[in-house]
Each structure stands twice: as C-alpha cells, then as structure tokens.
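K.L.:
For reference, the chains in residue letters:
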Amino acid sequence: MFPATFSSDHRSRTVQKLRARLSRFQRGLRLETRARRTVSTGIATLDDMLPDQGLPRSTLSEWIAAERGSGVAMLALRAGGQAQREGPLIVVDSERTFYAPAFRAAGVRIDETILVRPESRNEALWAVEQSLRCSGVGAVLCRVDRLRTQEFRRLQLAAEAGTAIGILIRPAAARRQPGWADVRLLVTPVPSGSQSFFRRMEVRCIYAKGGFTDRSIQLDVSDETGVVCLAAAVSDSATALRTAWA
Amino acid sequence: MLYQESGNRDQVVMSSCDATHYGICPGMPLAEAQALLTSATFLPHDPDADLMELQTLACVCHQYSPVVGLELSHNAHCLVLDVTGCTHLFDGEPGTACQVVGDLAERGYFAHVATANTIGAAWAIARYGHRAGSDRRLRSLPVEALRIPNKLVARLHEFDLRTVGQLPALPRDTLPSRFGTELTKRLDQMFGRCTELLVPVPRSEPVSAQWSTEEPVCHREAVLHICDELLAQVLSTVRARGEGILRLTLHLNNEAADPPVSFEVGLMQPGDSPVHVMGLLRLKLEAVAIPEWLYEITMKASVTAPLQIRQRGLFDHHEPPDDSSVRRLMDRLTARLGRDAVVRARLLPEAVPEQSVRYEPLTDPVSDAQPAGGSAIASARPLELFPKPLPVRVMSIVPDGPPVRFHWNRREYRVAHCTEPERIATGWWQDTGAIHRDYYQVETQSGARFWLFRDGNREWFLHGVFE
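Chain order of the listed sequences is A and B.
Mapped onto the working numbering, the consecutive letters of the first sequence carry residue numbers 1 to 246.
Mapped onto the working numbering, the consecutive letters of the second sequence carry residue numbers 1 to 467.
You may find that some hints are simply not true.
What the hints assert, rightly or not - Which chain B residues stay away from chain A? Per the calculated CB distances, all over 12 Å, these:
#1 L104
#2 S325
#3 L348
#4 L385
#5 V465
What the hints assert, rightly or not - For each label pair, taking beta carbons as the anchor points, the in silico distance ranges come out as:
#6 B:E420 - A:A161: 25 to 33 Å
#7 A:A44 - B:S236: 53 to 61 Å
#8 A:E119 - B:V101: 44 to 52 Å
In case anyone wonders, no lab produced these hints; they're calculated from the structure.
The beta carbon of each residue, even a glycine, is placed where N, CA and C say it ideally should be.
Please model the complete structure; the sequences and the hints are all you need to start from.
P.N.:
Written out as structure tokens, the structure reads:
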C-alpha cells in the first residue's frame, strides 16, 4: 500500500511542479510576444480581451462576420487606422465596394490610405502578399471569401517577413475552416432595441495565440460620433447612452 | 585647387576661398601654390566636365523657366534664365531667386543669383554687385563686370578707367577705335540699348536603345536577357545626365504582320536601379503575351526626371523616414495590376454617394485643383457601397412609407426599425440627369444594417451595407 500512496503522492507533486513550470514558460512566452510591438485595435475593451493587448505586428488577424451588415469592416478599419502611425494602410478591394467617404468615421486617414483594386482573386492575393512583405507598410486589409490552407500559409509567411498587421475580413463560412491567423474574431450583430442612435455588436475571440479563447464582449457604436464603448450588460443601456451622448 | 598645364608648367586655375587667405590666386605656378599650402587638394582642371555639370544644372532650372541658356564668355560660365512671366509662380522675383539658390544648395552648390532687366546687368550684379541694381549702381561696378576679356580690362586700367560709369563719359565714337567694338557692344547690352540673344539649352531628348537581329528570338528568357542589356544602355545615358527613369516604354516588333506589342512601366519616383526597373519589366512581361519571332526590341525612357539625391551628414542621425520601400511596392503593384488599379481616394463635395469620391491613379501627381476632403456630408455612410444600386423587392405598409421587409441574396430581412429618410436630389441639367432618392438606414431584426433607397419611380434599391 505504502508504495502505491507514495507513487500517487509523488505523481500529484510532479504534476503540480510541471504545471508551475508550464505557467512560468507561458508567462515568459507572453512577455516575449508583448515585447514585440503590437497595434491597438482602437477599442480599449477589445484590446483587453486580446492576450497581447492588441494585434501583434507581422501577424494576420481574421475578422469573421456572422452575417452581412454586422459592422465587422468598421471594427477592422479602426484597427487599420491605428496602424497608420507606422505606415500607410493598404486596402485590397477586388470587388470595388469599399466606400472611401465612410473611412473617416472609422478613424482612417484617407491621405494615408492606398486602395488596390485588382481584377481577379489571384491578383488580389498576390497584392496582399506583396504588401505584407513590404517593410514600410502599416496595415494591409482585404476581404477574402475563399482561402485555401496553402494560400493562407503563404500570406502568414509574407506577414512574418514584413512589419505590417494583416487584417482579413472573412464571411461566416470561414469560422469552420482552419487558419493561420494569430487572432480570430467573430463579429455578430445584436439588435439595438427600440432606439436607433447606436448599433450594437458582439465580438467573440474564437482564437488567440497564447491566450484564453472564447471570450466575448458587446460593443455599442454611436451613429453620430462613432464612439465605441462597452455595452451595459445589466439593463437596456439606451437611456444611459442617450444621456451620455446628449 | 584646380590647376591646368599652360606652356611648360602647371598653373593654378581656380582655388577655394580659404586658399586665397594663404595668398594663392589664379595664374600662380602650381609649385609655388604647393609650397604655400601643402595640405590642399590639387586636381587637374577639366573644363568639359564643368560644362557637362552646368548643362545638368540647366535641366534642373527648367522648372523655373522654359528658356534656360548658358553664358560661356571668357571661362566665366553661368546659367541664364528668362523668367519673364514665370516669377508669379514662385512668389515674385525674390522668391524665384531664393528657390533657385535653395535648389542648387541641395545639390551642393553655392550660387550667386541676380535678377535684372538685361542679361549683361544680371551677369554683372551676380559676379560683382551686392544689392539692387539701379543704373547708378551699375555704373559704379568695375569694368570687369562688362564681360570683356582680361586683356581689354588691363588696357582700360592703363587709362585709369576702373568703373563702368567712366566709359559713357568718353566720346562714344572714339571707343571702338581705341578698345575694339566689343566694349561698346557689351555696354549697350548691359543697359538694354541693343538686343542679346539667349540660346536655350535643348531639353533632353528621350533616351532609347535598340536591339535587332536577323535570327528572330522567341524565348522568354532570351527576351529578358536582351531587356537587361538594353536597360543597362538606357540607364548609363540617363545617369550621365543626372536623371532617373520615370516611365519606360518597350516595343516588341515581330516578323509576322501583327502590330508590335508595346507596353510601359512607370515609377513613382525617378529611379536608376537596374534591379528594381528590371523587376517591374519582369512583372509586366509575365502578364503580356510575348509574340513569337521577335526581330527587334526597342526600349525608350519616355519620361525622365532629375534624381533626388541629398547628401547626408556623417553625424546626422535625424534622417527623414525612408518611404522608398513603399514606393517600390507601389511601382510593383502598378506594373502588374495597371495604373487604374492602384489608386488614392479623393473626396468631392457632391451629394450623390457614388459621385462624392474619385479614385485617382497613385502615379499621377497630386492635383490641388479641388480641395481634398471636401465632403461636407455628416450623415452616416456605409463602408460597403455597390457601384450600381441593386434592385430589391421591398414591402412597406403605407405607400411612400418606410420599408418593413426586403429580399436580397435569396434571403428575407425583416426591418426592426429605420431612420428618417434622407433625400438626395440633383437637377436635370447635370450629367447623370435628375436623381431623386430617399435613403433609409435600416436595421434588421438580427441587428444588421443596410442602406436602402426609393427612387422617383417608387422602386427600391439596396445601395450599401454597413459592414
């Protein structure tokens, strides 16, 4: 009996020791990645949800829209606008639907934005890869519907070679596909109630390298000012918000 | 210090300001100058190289005046710009002068600039004057200011004629017989009594290189190799002018009767890097079907511009940020995707959503004809706007009322609530004809937002998505 108790005791102690070592390693790893420069998403609460307090440079992030009209591009552009301090924002838009007059409301400087409008999907991926590889670029933003694993990996390697943050806006179907992005966020629209002077959306972090996943927050975006803040979880925040923004 | 061989000995031709403090002056034997100042650098004088450099500077000065000439009298070379009607572009005559000085200073030259009514007066003030050149001040200048040979100056000095003002006092008829006709000619040129022709420096011709053969080639690699050699030829000529390539045109002539294939690559900034330009050509050649049986390839630098080179200080750590990598990226994207595919957005003060933005190629210079960011519309606009509004089926309870339900993309959306209509209307006299639209920003029951409008015929369209 004695050896058995000893062995179980010993095992539990070893497991505890290993756990402590693992957490030390993870902390060290986290600190190392945090030392790399990150770019804020432009929304403090969203930054808090991410393990590096923002989007790390030289990596890709996937912004998945649960449905059309969810507001995902607005959040993604906000992050792109933050990266403009380091270099221009390159928007690869093969469908030619990005509407520049709305950029300013999303915090993007138009004079620091370059729009690339390729004719085909292959050319769009080539343009994204080239832009990610370039060292002086702040951020590269692209809407991609289908993406094969090899293509995704190519983009990730290109991002590693450069200094930009790569922002991929994906449709809902991309959620089920594996990816090479360091951060995957799912944006779902939430009915804003009877009032229409703000829109509400839920941002769920479905994957973040080196961090806890499946956390979500609800954000309110003011229609008039474009200010983003955390939605009140207790009651309908409409009245409070109206007084706050009046 | 520059020296030149004259007779059987070397003579100092030119020296720096600091050297004159040590008693060194032009005309002194080289050995004597070397004895006076051992630490100086002595170089042989190369007048041809000087002239070439001056011609390069003349090309630089073409931005200030369409007519730039060289004044080459008596080894005192200088640039002459006819700025008539050009100065208002550069804040008047003093502004022009300042900009010319600054521009040449950036290239490492210290320039004396003078603006005057005649070439003679400007030359005299630039070389010998100090301030404003009224006729009285011109008369007080030394006779050397008349652009006359040194021998003539010496003869005038023999007669104790030291200033320009002393000459008109003498009987004019006797001057040509005593000192030659050049003196009166130069005097008249200085005071504008006779015309003086300004021979402009010809603008540089486009540089081109050609390759032709009897045996036609059809391999892509061979074509690339030929392009590589042609580019080296073109670049060597362009570099000699102190310029870089802005646009390069390539013509591929084939033996078949097909029209020759020609295309061009553009750069955002004048460049002379063969690797970069060749990379752009490669990208273009990948996209273009190279015809078979090529017998002639012509490469032409159709647009060139002076290279922007700025010397850096040894201890200058505050360098401006280097955006050359982004420019090179833009060159590559433009070469592969086309000029119209790499654009910058320009907001226009127009009410109609699709007209309130114009996309200009990034390679075009920024035009300030219209104010940037002129959009005065404060209302929310969708981030995704369809180039053409999509017709949708919409249900509304009352005629001309807000939408209640709409179908799009094989899906039905129920509207939870929508904003008040925003009416956008234009006059019939505009290019697009009369536009009459009532825009609604609608939120569906799931919280998604869309931008719908009803036109004058009460038909509904989906124009954008608030992505």
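K.L.:
Does the claim that V465 (chain B) lies outside the interface with chain A hold up, using a Cβ gap greater than 12 Å?
P.N.:
V465 (chain B) not clear of chain A: closest Cβ-Cβ about 5 Å, inside 12 Å.
K.L.:
That 44 to 52 Å hint for E119 (chain A) and V101 (chain B) (C-beta), does it hold up?
P.N.:
Check passed, 49 Å falls within 44 to 52 Å.
K.L.:
Run the C-beta distances from S325 (chain B) to all of chain A and say if the shortest one exceeds 12 Å.
P.N.:
violated, 4 Å
K.L.:
Closest CB-CB distance from L104 (chain B) to chain A, is it above 12 Å?
P.N.:
Non-interface label stands for L104 (chain B): nearest chain A Cβ at 30 Å, farther than 12 Å.
K.L.:
Would you say L348 (chain B) is clear of chain A, with no C-beta pair closer than or equal to 12 Å?
P.N.:
Violated, since 9 Å does not exceed 12 Å.
K.L.:
Non-interface claim for L385 (chain B): all C-beta distances to chain A beyond 12 Å?
P.N.:
violated, 4 Å
K.L.:
Starting from the range 53 to 61 Å, see whether the pair A44 (chain A) and S236 (chain B) falls in it by beta-carbon distance.
P.N.:
holds, 57 Å
K.L.:
Check the following: the C-beta atoms of E420 (chain B) and A161 (chain A) are separated by a distance inside 25 to 33 Å.
P.N.:
violated, 50 Å
Figure legend: structure checked against the earlier numbered hints; hints not met, in rising order: 2, 3, 4, 5, 6.
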